[in-house]
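*Asks:* Residues per chain, in single letters:
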Amino acid sequence: MSRSTIDLWVGIFVLMGCAAILFLALKVGNLSASSFAENYTIEANFSNIGGLKVRAPVKVAGVVVGRVTDIRYDNERFEAVVSLTLDSRYSFPRDTIGEILTSGLLGEQYIGLEPGGDERALKAGDSLKITQSAVVLEKLIGQFLFNKAAEAPQQ
Amino acid sequence: MANSGQEALVDLRQVRFAYGDREILSGIDLTVHRGQVVAIMGGSGCGKTTLLRLIGGQLKASAGSVQVARQDIGTLNTAQLYALRRRMGMLFQFGALFTDMSVFDNVAFPLREHARLPESMLRDLVLMKLQAVGLRGGHALMPTELSGGMARRVALARAIALDPMLIMYDEPFAGLDPISLGVIGQLIRRLNDALGAASIMVTHDVAESLSIVDYVYFVSDGRIVAKGTPDEIRASKDDFVHQFVHAEPDGPVPFHMKAAPIGEMLMGKGAR
Amino acid sequence: MIRKLGAMAIDGVWRLGFATRFLFLLLRYSGQSFLRLHLTLREIYFSGVLSLLIILVSGLFVGLVLGLQGYETLQRYGSSEALGVLVALSLTRELGPVVAGLLFASRAGSAVTAEIGLMKTTEQLKAMDMMAVNPIARVAAPRFWGGVISMPILAALFSAMGILGGWLIGVAFIGVDDGAFWSQMQAAVDIRYDIINGVIKSFVFGVAVSLIAVFEGYDCVPTAEGVSRAITRTVVSSALAILALDFVLTSFMFRG
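Protein chains in written order, with my numbering: chain A, 471 to 625; chain B, 155 to 426; chain C, 1031 to 1286.
Worth flagging that the hints you see were computed from the coordinates, not collected in a lab.
Even for Gly, the Cβ is constructed at its ideal location relative to N, Cα and C.
Be aware that a few hints might be false.
[Claimed, not checked] A partial selection of chain C residues facing chain B, derived with a Cβ cut-off under 8 Å:
id: 1; residue: E1102
id: 2; residue: R1106
id: 3; residue: T1152
id: 4; residue: Q1154
id: 5; residue: A1157
id: 6; residue: D1159
id: 7; residue: M1161
id: 8; residue: A1162
id: 9; residue: V1163
Could you put together the complete structure from these sequences and hints?
*Replies:* As structure tokens, this is what we get:
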């Protein structure tokens, strides 16, 4: 095996490796949707985030426009503060509502944005005014039972 | 000796070497001058090869000084040692050719590593070295296609590729047929004279060595027991030398390994 | 018996120390070997290109099996569209780097150990040293870097091939919806979190396997038996190192 033939094979090998990594990045990992070249971060406070995790998608009308990049607890307001990193291609009114939703009955939780009617757009560092916390199944059931119990004597 | 007035190329003074507690060599004095071919002889396992490794700097002496070209091997750092080794050539027992390279590339190896030569000059040099050992025709062969004697000759060409001042041979005659043996012996002498180098050869082949060398050291049990020119050795009255030169089975080097008296061992007293 | 165990433990620690020192020597002399790039290219050829076949074929089969088994399980919960997610995540995060690493250790690692061991046995390393050529720079470092460079490429190829295998079974044979297969996969697989971490894993495995292979060859007892033992040790310690490192890396990377 002469030296140039080895070079050729190594070249082919490296090219194949690059192709495989590109395939993984573009076709499997969908590069365009998960790491935005330009983005901005806003915050949203929730009284309860349920099972929301960092890297959960942020969706508007079902389209992924960003991801949750940080979750922390504000000890003064006793609320969870969630950082949302959004693609700069999209902008939303300032009175946009943020809510924590669940995909399907038992699926993962994500943040849904409900655009409002304000003319000024959200800027980096802004905070969502109106938010709706996660629906916690136990609370829901508890409330349901409580209501049932309250209804019963009237009958 | 004709050239004893000249300064020594290799000079060992009171050298001692031990692996832990096990002493391999002790009190070795040895001198080699430029132009000389010196043989170190002795039975198997007597420390001859260790002596060669001390000179090549692969091992460091536990005591005493090993000087090559007026530099003390024991005090050199890696870079200095490598600089010195570029002026040494060594022929290993079975050639130690690089099995993944052709004969040509094997001989070209030290030149490629140490000298930036244009490919055409490199080619001429390698072919000249191969011509010197009579194997120019085999430059395209792989080491596995060579006989033992031919492999040894290629390794010799590789050892002299950088025109060394000192060539060391580790058992150059081991396992060769009489013709190859004679060829290697003549090559050692001729190359040494042509290069104006010094050669040290570790061997136990008495007849061939005595016919080509200038001086002989006999090593036994880690000590030099006899030394002299080939004529002095042949005429020596020393028991050990006599036994060695005439290949007698018993003498100062006993036939039997040290053991309890045979009667005791067989009757079960000495044996456990 | 106890004395034997103690001796073994001391020997183990001694070898670990030597391996660490060896790694430093290797890195120190790597500069010299990068100046002679064709040496490293040659080793990429031997450990990378020549491992292609076994990696590609194994990747395909692992993907096929994942597709079949995954479909069986997911179907019970009525979410067979998630097959793409299952195949892609298991391959990029775990199976790609780990299985490719194990195959690499037994295919290329053992070959490197055998080659260096034989060079030691036939005194080629000593001869090189006597020719003032550092065997660590000339023999060990190119083989080490050849392995380190080859390993992530092989792992990526393994993962890609496995995903294609899963697609083949899931979409082409069983009939899972093609669009759902890819879109669910793309929604769930994250570049930085899953793919880059997988590449980092395979790189770490590449370093571990190459170091073990080169070290065992360099450290072997220079006899036929010593070389064969060294090869066995390369495969065994590489496999253990890969699995242990995988656990450590996974617990760092995929927490929470």
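*Asks:* Min Cβ distance, M1161(C) to chain B: is it shorter than 8 Å?
*Replies:* holds, 5 Å
*Asks:* Quick check on the hint: D1159(C) CB to chain B CB, less than 8 Å?
*Replies:* Hint on D1159(C): holds, closest Cβ of chain B at ~7 Å, below 8 Å.
*Asks:* Measuring from the C-beta of R1106(C) to each C-beta in chain B, is the shortest one below 8 Å?
*Replies:* With a closest approach of 55 Å, the R1106(C) hint is violated.
*Asks:* Have a go at the A1162(C) hint: is there a Cβ in chain B nearer than 8 Å to its own Cβ?
*Replies:* holds, 4 Å
*Asks:* For the hint on A1157(C), just tell me whether its beta-carbon gets within less than 8 Å of chain B.
*Replies:* This interface hint holds because 4 Å falls under the 8 Å limit.
*Asks:* For the hint on T1152(C), just tell me whether its beta-carbon gets within less than 8 Å of chain B.
*Replies:* Constraint on T1152(C) satisfied, holds at 6 Å.
*Asks:* Taking 8 Å as the limit, does the beta-carbon of Q1154(C) come near enough to a beta-carbon in chain B?
*Replies:* holds, 5 Å
*Asks:* Does the nearest C-beta of chain B fall within a distance shorter than 8 Å of the C-beta of E1102(C)?
*Replies:* violated, 49 Å
*Asks:* Can V1163(C) be said to touch chain B, with a Cβ gap under 8 Å?
*Replies:* holds, 5 Å
Violated hints for the displayed structure, listed by number in ascending order: 1, 2.
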